[in-house]
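Between the sequences and the hints, there should be enough to build the whole structure, so can you do that?
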Amino acid sequence: MLKKVAERILISIPVLIGVVLAIFIMLRIVPGDPATTMMGEHVNPAVIEKISREMGLDQPYYVQFFKYIANALHGDFGTSYRLNRGVTQIILEAFRNTVKLSLLAAVVAWIIGITAGIVAAIRQNRLLDRLFMGCALLGVSMPVFMTALVLQYVFAFKLEWFPVAGFDSFRAMVLPAIALGWNSAGSIARMTRSNLVEIMQDDYIRTARAKGLLESGVIIGHALKNAMLPVVTMMALQISSMLSGAVLTESVFGVPGIGRLAVNAIETRDMPLLQGTVVFTTVLIIIGNLTADLLYNVLDPRIREGA
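Okay, so the sequence shown: first residue is 1 according to the numbering used here, each after it adds one.
Derived by calculation from the structure, the hints in this document are not laboratory data.
Be careful, since some hints might not be right.
As the list claims (entries may be wrong) - If you anchor each label on the Cβ, the simulated ranges turn out as follows: (1) 217 with 22: 44 to 54 Å; (2) 206 with 232: 21 to 31 Å; (3) 202 with 96: 42 to 52 Å; (4) 75 with 22: 18 to 28 Å; (5) 74 with 267: 20 to 30 Å.
Just so it is clear, CB atoms sit at the ideal spot from N, CA and C, and this is done for glycine as well.
This is the structure in structure tokens:
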């Protein structure tokens with residue numbers, strides 16, 4: 001197990017460096033000068049030159065890149081041009097809100113997805129099965145921003161049950177969590193149903209029924225335990241994707257998280273802040289993939305013994 005973890009970490013290092021290099025190059029080839037964007041177009045060119053020199057933008061690109069890598073290894077992602085604060089501190093403050101949103105969205109997705117998948121499998125090819133799988137297909141197909149706007153319009157503007165935006169109370173968290181977790185709930189429901197339907201045809205399920213076990217005991221005690229293995233892996237991956245990809249949800253509902261932070265950094269061409277958010281979310285995705293692999297090895301002895 002430790003060897004597998006070490007191998008995955010070593011493989012992830014070149015990926016992380018490649019992501020940093022890609023975002024570094026893209027930000028440098030985009031037209032416009034960060035110092036001019038920060039100070040304004042009508043500032044004295046001498047002042048722009050001085051600011052560029054203080055920020056190290058006058059140095060060759062390869063020098064800037066290796067200096068950034070060296071500082072990042074010590075947890076220093078630079079200073080935000082717009083906020084004039086350490087990028088690491090800004091990201092950690094915003095990350096708290098993203099974690100709250102993602103965990104609440106994950107709970108919504110798991111409860112709705114697993115419940116709908118089990119009911120659909122038990123009522124296979126009946127009305128509830130078609131209804132739940134239709135809703136699951138809608139959840140998978142509908143873009144997150146569209147789900148967020150519909151929820152905001154119906155439950156905030158029309159019914160006034162929840163706040164339109166903000167993240168300062170539990171009521172304000174409900175709509176963003178549903179919008180972010182709806183897509184994941186659809187994926188979980190579809191996978192839970194398909195795995196459970198397939199496992200219910202196995203011989204050991206027939207044996208359990210022949211022993212006189214109740215149908216609920218057969219499903220919960222035997223079938224569901226094995227059907228949930230790939231679902232658990234998907235759930236671990238979804239948490240990392242929620243933590244790193246809540247950009248649209250945070251933007252629509254005004255949640256002060258990492259996604260909204262990245263959008264603001266793009267709008268103001270705040271290169272250190274944007275680079276920091278990209279690197280941070282990349283690390284989250286790598287950790288999520290590693291966690292999913294480890295969970296699958298722990299939950300399935302066959303894979304652990306084969307490894």
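Status of each hint after checking the structure:
1. 217 with 22: 44 to 54 Å: For residue 217 and residue 22 the Cβ distance comes to about 53 Å; the hint holds.
2. 206 with 232: 21 to 31 Å: With Cβ atoms ~25 Å apart, the hint holds.
3. 202 with 96: 42 to 52 Å: 45 Å, holds
4. 75 with 22: 18 to 28 Å: 21 Å, holds
5. 74 with 267: 20 to 30 Å: The hint (20 to 30 Å, Cβ to Cβ) holds, given that residue 74 and residue 267 are roughly 29 Å apart.
This entry satisfies every hint, going by the numbered hints stated previously.
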